[in-house]
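Here's the letter readout for the chains.
2 protein chains.
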Amino acid sequence: MAQKGDLMTVRSDIKVFDATIRDGGLVNNFMFTDEFINALYRANVKAGVDYMEFGYKASKELFDVNKFGKWKFCDENDIRAIVGDNNSDMKISVMADVGRCNYKDDILPKSESVIDMVRVATYVHQMPAAIDMIEDAKAKGYEVTCNIMAISNAKEADIDQALEMVGQSSADGIYIVDSYGSLYPEQIREIADKYIEIGEKYGKYIGMHAHNNQQLAFANTIEAAARGVSLLDCTMMGMGRGAGNCATELLLSFLKNPKYNIFPVLKFIQDHMLQVKETGAVWGYDIPYLLTGRLNQHPSSAIDYIKDNKTDYADFYTDLLDK
Amino acid sequence: MAQKGDLMTVRSDIKVFDATIRDGGLVNNFMFTDEFINALYRANVKAGVDYMEFGYKASKELFDVNKFGKWKFCDENDIRAIVGDNNSDMKISVMADVGRCNYKDDILPKSESVIDMVRVATYVHQMPAAIDMIEDAKAKGYEVTCNIMAISNAKEADIDQALEMVGQSSADGIYIVDSYGSLYPEQIREIADKYIEIGEKYGKYIGMHAHNNQQLAFANTIEAAARGVSLLDCTMMGMGRGAGNCATELLLSFLKNPKYNIFPVLKFIQDHMLQVKETGAVWGYDIPYLLTGRLNQHPSSAIDYIKDNKTDYADFYTDLLDK
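Those protein sequence lines, which keep their order, are chains S and Y. FYI, the numbering used here numbers position 75 of the first sequence as 65, with every residue one higher than the one before it. FYI, the numbering used here numbers position 214 of the second sequence as 204, with every residue one higher than the one before it.
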């Protein structure tokens, strides 16, 4: 498959997707102030960001509402308190995890909601449940994506089968998700080509969600874009679980479409993100994340390790090799 | 030009080049302790690193020896105090800047020196002087590379002419140098193909020296390697001017040649690099570096800005746009 466009091309299919609250919420249990969320919404609109994800639609039966901020649940009223009727060109998204949400009840018909998109997050082995959620959200009137997680740990035949299942579903888009931050650009190009082939066959766009364990989140995102991937996830200052994600400021400084404006992003970072960092939220590239990424493991052990302020990296790596 | 090898290939032409003292010295004026340099040398040998650069061969007439650590000058005796006769497989390198060294006197005949390689750093417009230095070092018996800096700011025709000049010189290798950290992987692949073509024509290997302004130092280094670039610069924890370089730990975790061992690198980082950070040396990706990189400018304004602990990124960017 050939590259689509070059460094001077404006590809109108490319859309920027802000996942700061959703992936960043995994760092601070979604404990963002309303002021922060308000400012983020307004910064994204000004910056020309195409989608903003407000968080998860998690089940209140499974998760204690006292232990998490409200964006773990994304009640309709909470979103409306920020965006009103969302009189902007930016679409509002929420994520629904297979097995962790009560989607039939908690996701309202689109006619009653300011939400535009539902992203269904699934592991390969959960695909039948994911398809049920996709069809539910689609029938309710939403734009829907299927985000197949942890593909670096799945068999190719299983991924192929999962892609065929999403292909034949009503989903509008399919996401490449490098959950462990373990994939190199060379692999991302191959995976992107595979996903794009399925996307073209079934009329669906492809998205990219990267993690920065090996300082490759931005590189992998723009390499995927160059192959034809359209929907690009990013977060302010890369805020997200563990090593974090592709940073919005890097992505907007790269894209050539004049609709994007980096100034509101820089303003938001200096006025709000630095404060979040100062209050103790920890994310971003660090050596333990490199090591879990390199070994294609979930970052949880690295997150615990960094929380404990440990720095005996060689011992940590030895432990990982035993897992 | 096709990719050379894949993720399972051991490419015997690939060599790892540690530039921690030389590029890292630009952060702390080369004020490293002997203990640090000793430990770095031993860690590199154990890790299978192929070359270690001890610093610059700067002129003591131009630079005040009281204002810099000894690795700005790399006296023969100082290197020997660390490496003895260097009874290891690792080669010792120094860098000589065009116009900043007294190479005719200060670079000894190879027979009198433990140094193996001289890297001549030059801007495109200084090529005639660089060629003189290359021929001098080569005649003295050294392996020699020509590191053409700041190519992102040079005209293609000038780079082509410079490459022809190095091609016809006695240099053993030619370096791609992304001084401002402004190049994207897509550009690096094109540049690598161009350099490799010249290298194949004249029998010279190609090297890569990246900067991390846009979190692309590692990505650009492995993309260059995939095209056939052989000599890969890295520094411990990415220590280097401004946003720093490709991190040794990232590069060694990527390379498949079993001769490389990441454990001594992890040990060195935990025992020595963290201390250097704690003593106030500042380097690594930060937003001001992204902005100078994006605008293809020298990082000096970003370095000053970060030193002053300023964080009004939007104003900084506005100022840069006026430059």
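If you are wondering where the hints come from, they were derived from the structure by calculation, not from laboratory data. Misleading hints may appear alongside valid ones.
To be verified - The calculated lysine-lysine pairs, modelled on BS3-like cross-linking and capped at a C-alpha distance of 27 Å, are: (1) Y:145 / Y:130; (2) Y:257 / S:300; (3) S:300 / Y:36; (4) Y:246 / S:145; (5) Y:297 / S:249; (6) S:313 / S:297; (7) S:184 / Y:-6; (8) S:36 / Y:5; (9) S:257 / S:5; (10) Y:-6 / Y:300; (11) Y:257 / Y:300; (12) Y:267 / Y:257; (13) Y:313 / Y:267; (14) S:246 / Y:145; (15) Y:5 / S:313; (16) S:81 / S:145; (17) Y:81 / Y:60; (18) S:257 / Y:94; (19) S:-6 / Y:145; (20) Y:5 / Y:297; (21) S:36 / S:94; (22) Y:50 / Y:145; (23) Y:257 / S:246; (24) S:130 / S:191; (25) Y:313 / S:246; (26) Y:94 / S:267; (27) Y:313 / S:257; (28) S:191 / S:60.
What the hints assert, rightly or not - For each label pair, taking beta carbons as the anchor points, the in silico distance ranges come out as: (29) S:145 / Y:102: 57 to 65 Å; (30) S:192 / Y:187: 47 to 55 Å; (31) S:192 / Y:-9: 46 to 54 Å; (32) Y:2 / S:305: 25 to 33 Å; (33) Y:90 / S:271: 40 to 48 Å; (34) S:264 / Y:246: 38 to 46 Å; (35) Y:269 / S:150: 51 to 59 Å; (36) S:271 / Y:302: 45 to 53 Å; (37) S:119 / Y:147: 20 to 28 Å.
Keep in mind it's a predicted model, so treat the numbers as computed, not measured. Using N, Cα and C, we set each Cβ at its ideal position, and we do this for glycine too.
Structure-based check of each hint:
1. Y:145 / Y:130: Distance ~33 Å between residue 145 (chain Y) and residue 130 (chain Y) Cα, so the pair is violated.
2. Y:257 / S:300: At roughly 13 Å apart (the allowed maximum being 27 Å), residue 300 (chain S) and residue 257 (chain Y) satisfy the hint.
3. S:300 / Y:36: Holds. Residue 300 (chain S) to residue 36 (chain Y) sits at ~24 Å (cutoff 27 Å).
4. Y:246 / S:145: holds (22 Å)
5. Y:297 / S:249: Violated - the C-alpha atoms of residue 249 (chain S) and residue 297 (chain Y) are around 33 Å apart, more than 27 Å.
6. S:313 / S:297: The given pair, whose Cα atoms are some 20 Å apart, holds under the 27 Å limit.
7. S:184 / Y:-6: Satisfied, since the Cα-Cα distance of roughly 22 Å is no more than 27 Å.
8. S:36 / Y:5: Violated. Residue 36 (chain S) to residue 5 (chain Y) sits at ~47 Å, over the 27 Å cutoff.
9. S:257 / S:5: holds (21 Å)
10. Y:-6 / Y:300: With a Cα-Cα distance of about 44 Å, the restraint between residue -6 (chain Y) and residue 300 (chain Y) is violated, given a limit of 27 Å.
11. Y:257 / Y:300: Since the Cα atoms of residue 257 (chain Y) and residue 300 (chain Y) sit roughly 33 Å apart, the hinted pair is violated (cutoff 27 Å).
12. Y:267 / Y:257: holds (15 Å)
13. Y:313 / Y:267: violated (31 Å)
14. S:246 / Y:145: holds (22 Å)
15. Y:5 / S:313: Cα-Cα ~31 Å, so violated.
16. S:81 / S:145: violated (34 Å)
17. Y:81 / Y:60: holds (20 Å)
18. S:257 / Y:94: Distance ~52 Å between residue 257 (chain S) and residue 94 (chain Y) Cα, so the pair is violated.
19. S:-6 / Y:145: With a Cα-Cα distance of about 26 Å, the restraint between residue -6 (chain S) and residue 145 (chain Y) holds, given a limit of 27 Å.
20. Y:5 / Y:297: violated (34 Å)
21. S:36 / S:94: With a Cα-Cα distance of about 34 Å, the restraint between residue 36 (chain S) and residue 94 (chain S) is violated, given a limit of 27 Å.
22. Y:50 / Y:145: Distance of about 33 Å is beyond 27 Å: violated.
23. Y:257 / S:246: This hinted pair is violated, its Cα atoms lying about 42 Å apart.
24. S:130 / S:191: Roughly 25 Å between the alpha carbons, so the hint for residue 130 (chain S) and residue 191 (chain S) holds.
25. Y:313 / S:246: holds (21 Å)
26. Y:94 / S:267: violated (52 Å)
27. Y:313 / S:257: holds (20 Å)
28. S:191 / S:60: violated (39 Å)
29. S:145 / Y:102: 57 to 65 Å: Since residue 145 (chain S) and residue 102 (chain Y) have Cβ atoms about 60 Å apart, the given range 57 to 65 Å holds.
30. S:192 / Y:187: 47 to 55 Å: violated (41 Å)
31. S:192 / Y:-9: 46 to 54 Å: violated (34 Å)
32. Y:2 / S:305: 25 to 33 Å: holds (32 Å)
33. Y:90 / S:271: 40 to 48 Å: Hint holds: Cβ distance 44 Å, inside 40 to 48 Å.
34. S:264 / Y:246: 38 to 46 Å: holds (39 Å)
35. Y:269 / S:150: 51 to 59 Å: holds (52 Å)
36. S:271 / Y:302: 45 to 53 Å: Taking Cβ atoms as reference, residue 271 (chain S) and residue 302 (chain Y) lie about 21 Å apart, which means the hint is violated.
37. S:119 / Y:147: 20 to 28 Å: violated (60 Å)
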